[in-house]
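J.: Sequence:
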Amino acid sequence: MTRDRPRDSDALEKWRTALTTCFVRRLRPSEVEDALDECQKSFRVSSSQLADLLVRSGARNEACCDPILPAYVSHFLKKSYLQPADLLLALLDTSPYKPRSAEQQDTLAKSGVSQAAHDSIFAFVSSPYASGEYPRSSTESVRTFRALLSYVQAYNAFETVQQIDNPGNQVPDMAFVAAFEHLGAFVVILLNNVKARRHLMKSIPKGAKSSIASSLNQFATTLSQWSQSSVHQKLQAILRMPPLVEQNEDGSLNFTAAEIAMNVADIPRTNSRCGMYAYFNAALCHRPLVDDLHILSFLQTRYGEDHQGMISDLITGAFDALMNALHRHESPHMVMCHRSFITNKMHGLISSLAINHLYQPGMTDQCIQIAMTRIDTHPFPPLSSDSAGINDTIKDVRQEFVQACQAYQLISENTATAILGGAQLSKVPSTPRPNKNILIQQLISNPQKADDLINDLDRMYGDAGNISNALVEAFRHSAASKETISLKILCTSLCRKLSSVDIILQHARLSDLLHPVCSYLNDWTHDEDQSELQPAYEDFAAILLFVFSIVHRYEVGLAELDGYDRSSFIMRFLNGRASVKHDLSSDEKKILGKWIKGLFAVDEKGESSGITDETMSGCSPQAFYLLVPSLFEQIILAVRSKALAPNTLKGGLEFLLEPFLLPSLIGGCEWLADHALANSKDADIALQIMHKLLKPVSISGDAQMMHTTILGTLYQSLRPRLTELDKRTANRKDIPQLIAVLKPHAASQYSTHSLRSEEREWLSASGTLRGSLSELITQLTTWSNNSDMISIPTRYTHRTVEAVVDKYGAEEVLKIMIDDVATQTAIGFGSWALDVVTSLICAPNRYNTFQMPSPNGARPSDVTEHCTIHEALKRRVTDSRFLLSLEQGKAETLIRLGRLVEAQSALIDMPLLNSMQLTIPTGDLMEGIDSAAVADAAVAASALETTDQATLDAAAADFSAAMDQTIDLSGGSDLNMGDASDLGLNLGDDLFGGDSVNFDLSMDTSGGMVEGQPQQGQQAGQSNDDDIFAGIDLGIMGDDDFGF
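Per the numbering used here: the sequence shown ends with 1044, consecutive numbering throughout.
Take the hints with a grain of salt, since some may be wrong.
[Stated by the list, open to error] Straight line, CA to CA, 27 Å or less: simulated BS3-like cross-link-like pairs of lysine-lysine:
(1) K594 - K642
(2) K642 - K589
(3) K692 - K597
(4) K681 - K727
(5) K743 - K695
[As the list claims (entries may be wrong)] Quick list of simulated restraints, FRET-style, between CB atoms:
(6) P535 - T417: 50 to 58 Å
(7) N437 - H333: 25 to 33 Å
(8) D587 - D173: 54 to 62 Å
(9) R459 - Q308: 27 to 35 Å
Because the hints were derived from the structure by calculation, they are not lab data.
Predicted, not measured: the structure shown is a model, and the values here were computed from it.
Just so you know, even glycine gets a beta-carbon here, dropped at the ideal spot from N, CA and C.
With the hints as constraints, model all of the structure from the sequences given.
T.: As structure tokens, then:
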């Protein structure tokens, strides 16, 4: 007998009870999936009814969002029990910004949905549209757009009422501004979705477009007055594009770049093994570009909800990069950096993913175990050169990583033993694991402990993150507290082992280490009332040497420090340390005279009085270092005019080798080298002085370490100058001797520039740098397609890509990439080639990470001016004339690559979505949660101690900020790309010259758009029966009523 269908009231009550039970008992959808399916089968409710029940059951009026709620939203959306539009409208009904009566407003305040829940659900609904997973049908596109239009109308009406009721209030509620930004970002995402835009172009009546655009323009204008984000700019740009633009009077369409792109179908996307391999290769091949937010963002946009693939490729990519460093015979220090990253950094990243995605108990254990099966401990054949050493290193690092994961409770001891094939875990120190806060207090009370901690950074126990963050915090504390002695000790300790900063920067930003110390030097106060001035000079010298060593090692440009005033000491020193001041003031001339007297004046017995407090009084350390080039100029003049005897000169130069003046060698020697090149008559004098300073006969023990550090900072600047001098002057032995002194410090700079030996290797293999890049793309594509069978990754360094960009420019590199991907696509390997090139473009660099923002938080000025491959791609893909000039295959490749790069970089440099940063509520709502899950969360939170709290705070930032990184729709008019022939592209093949691409958009005489042929007997292009926008509640619109 067939059971009668239950009444709506009965079905609603059953569902209300079921959902309430699930939320109270903390049951996840996967645990009750069968019960939910049976409930829907027996007590079917509509999508709108389910949306209302779900919102009111789980979105309570609290400060945070119940993490169970988004899980049910996602489940019901996937099951199609719930439609995005109905969920949005249910949220709108509970929104405080929907116009309603005072009585309704009071009722809402008691039972309304929290803003946290609203924002989180908004993020979940918009995410599949951003990734391209939605829409699933044209009806879904239209209904979602209608729902968003209802939001726009409601928000516009609410803002209008607020202006009337509060005419003097110019500061809007921040929650309202955030709601505006979230809505604007969703509209941008939807209208930027290729499928949704195509659906809406066919569905929106022609007469309604202007009304819709007017309402959206009002919304964008209001948003622009309050928000600092770029959402309003993107929204206004979209208003000038289909589907909201009107056609020409004759019914014709102008082929914009967006319209061309709509006719290019995507090919299946693959997340190849090359993605994370290229990422870590780029991040660790020079200045460490390891930013937690950047990595987590990269993983989120690349893998979405594929958590197993995310962790597996994260681990595999790091081991591939290590294997490549070993295969390339990189320096032991670079291998150690890769090794430390795997052992000391990876477990923290995995912990972050576990917290962000609310992993179930045991999930990290399972993912790590699966990932480790992909790591080949014997990748190189036994008979290959150095195979034993390489294989042993990989095996050792594998064990160190597993042990670190077990120590931080990401995996159990049984799992660790199983991964290692039953081998016993290595013994670790019995002392407690370093705690960052305790270490900070120890460093503050005893800065001498820094030496021990810096040495501990080399240990592979998984603790380098806590140690690094403690050292950075100690630096910041000492600088902020004006504790000069402590800061000097810390600077000296790091200068003594400068390579340790490479490890520290895997866990902290360069700006966190450098900016506080730079500010301290800028604000240095010269106290002339001190009993002795030399100690103050010595402290300043140690701190200045540390700053310059860091600037030199990582090639920190002036533009990266442009948050400082150009007249500040640190900017003047870095910019003019080797330049003579020709407009000395009277005070500066007096100071210079005092120093010359202190260095070289002797009494009748030929003895010098030395550098006294009188010499340093009235001259701050900043003023002295800015006058160093002028001082050396005077020395050259004095020697040339024989005013200085050789012994007197030697005695004076020895003072400059004392610790309190040693950094003067940096600017002094650079000026001497420049002067010797420019004035050959003084070359002999300059070289003799440099010989005394760079190769002293004797130097005190305290000064020896500083002198060694200075030689390292001078290598890159003096080596080419001395080499040029050697070419000009024959049979001189002193110049080769000076070069020999500097040569041991060749590796002192962790540079982005390729080595000469590397360039020779690339040229010998491919003939040109262009050829080397093309060959690299081909090899990476082949390996990506066969990585399961070929465990050894393609041998390369990311410096190859950077070298080609530096030499030929981003536009030329983009052309090479497009040509190669088009070729690979033609032979069936397009998916892998696109992923390879996308990975190379989106790999971390100093222009897309937060490693070195300005002190005021702004991006460095040269970041926006430097043309990266990404910037070149964005310009080309929005240039319709350029697209039309390309061969069809290359145009399609360019468009597909643009989509992938924008999708992959959408959240680069931005916090993760609010949906990925859910706050777990406490109290009664936690009843029923598996205690093991709580324990796992606590363990993961403990592991996150190595993560900078500022990073975690930033990761919980507005959803609108995350959405700001969607595809660039600025639509500016400055698109002058020059002639397409500048790129050497074939202008003869018109993309639309044949039947290959057919827009098929003819227009009937009444203005309606039809497919293939004109429609007959249709008014205004669409009948009322076909108008799916008919009946929309337009709310308070007045003259702006859409009228359809």
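J.: Run every hint past the structure and note whether it holds.
T.: Hint by hint, here is what the structure shows:
Only pairs whose Cα atoms come within 27 Å are accepted, and K594 paired with K642 is accepted, the gap being roughly 20 Å. At most 27 Å may separate the alpha-carbon atoms for a hinted pair to count; K642 and K589 meet this at roughly 21 Å. The straight-line distance between the Cα atoms of K692 and K597 is roughly 20 Å, inside the 27 Å bound, and the hint therefore holds. Straight-line distance between C-alpha atoms of K681 and K727 comes to about 16 Å, which keeps the hinted pair within the 27 Å bound.
Taking the CA atoms of K743 and K695, the gap is near 13 Å; set against the 27 Å cutoff, the hint holds. Distance hint check for P535 and T417: the Cβ-Cβ separation is about 56 Å, which falls inside the suggested range of 50 to 58 Å. At roughly 30 Å, the beta carbons of N437 and H333 sit within the given window of 25 to 33 Å. With their beta carbons about 55 Å apart, D587 and D173 fall inside the hinted range of 54 to 62 Å.
A hinted range of 27 to 35 Å holds for the C-beta pair R459 and Q308, which are about 31 Å apart.
Of the hints listed earlier, there is not a single one the structure fails to meet.
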